[in-house]
Amino acid sequence: MAVNAVKYDSDLVVKVQTGTDPDTGEPIVRLRRYTRVKPEATHESVYAVGAAIAGLQVHPLVEITRQDDLRLETE
Amino acid sequence: MATTQTLQMRFVTQAGSRVTISLDNPRDDLTEAEVTAAMDQIIASNIFITTGGDLVGKDSAQIIDRTVNVLYEA
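Quick mapping for you: the protein sequence lines, in order, are chains B and S.
First residue of the first sequence: 1, per the working numbering; consecutive thereafter.
First residue of the second sequence: 76, per the working numbering; consecutive thereafter.
In case anyone wonders, no lab produced these hints; they're calculated from the structure.
Yeah, the Cβ is synthetic: ideal placement off N, Cα and C, and Gly gets one too.
There could be a bad hint or two in this list.
Stated by the list, open to error - Just the calculated beta-carbon pair ranges, DEER-fashion:
#, chain 1, residue 1, chain 2, residue 2, range
1, B, 58, S, 132, 26 to 32 Å
2, S, 143, B, 4, 38 to 44 Å
3, B, 4, S, 106, 43 to 49 Å
4, S, 83, B, 62, 19 to 25 Å
5, S, 115, B, 62, 24 to 30 Å
6, B, 29, S, 129, 28 to 34 Å
This is chain B alone, in the form it adopts within the complex (with noise of 0.2 Å):
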C-alpha cells in the first residue's frame, strides 16, 4: 500500500532566551508560534518573517523553527 505524505498546516516558532535558570545557570528558552503559515510558503519566507520578529522584540533569538503538519493518504 502506497502511502503519500501531503503537507496540510504549517507553523513558525520564534524561539527566544527569557532568562538563565538561577539554579542550573540552564537558559530559559520561550516559544513565540505563530500558526496558519501556509503550507507552500518557502523555507526563505518563513525564516524572513521570523527573523523581522525576533528583531523587534527584547530577548536574544536561540533559533526559528518551521512545523509541517503531514497528512497520510492512500493512493
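Let chain B serve as the given structure and place chain S on it in line with the hints.
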C-alpha cells in the same frame, strides 16, 4: 506591580478586513521605521493564511501596556 508590553501590528487583508499579529516584550527603542519595515517584510513574504485572504497592506501598529496589581495572594 508587574507591567508587560505587547506590540500589535495590524494588517489589511485582500477582503478589507483587519488582522493583528502580536509580539510580546517589544524593544523599548523601537522606531516607526523599524516596525513598518518588519510589517512590509511580513506582507512581502506572504506566508500567513487568513480568512480575508493574503495580507496586502499595513493598518497600524501599537504597543499595549498591561499592568497587573496583585491585591491579594494566598
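Results for each hint:
1. Under the hint 26 to 32 Å, the C-beta atoms of residue 58/B and residue 132/S, about 28 Å apart, fit the expected range.
2. Distance hint for residue 143/S and residue 4/B: a CB-CB separation of about 49 Å, inconsistent with the stated range 38 to 44 Å.
3. Between residue 4/B and residue 106/S the CB atoms are about 48 Å apart, so this pair conforms to the stated range of 43 to 49 Å.
4. Take residue 83/S and residue 62/B: their Cβ atoms lie about 24 Å apart, and the range 19 to 25 Å holds.
5. Checked against the hint of 24 to 30 Å, the C-beta distance between residue 115/S and residue 62/B comes to roughly 25 Å, which is consistent with it.
6. For residue 29/B and residue 129/S, the Cβ-Cβ distance of about 31 Å falls inside the hinted range of 28 to 34 Å, so the restraint holds.
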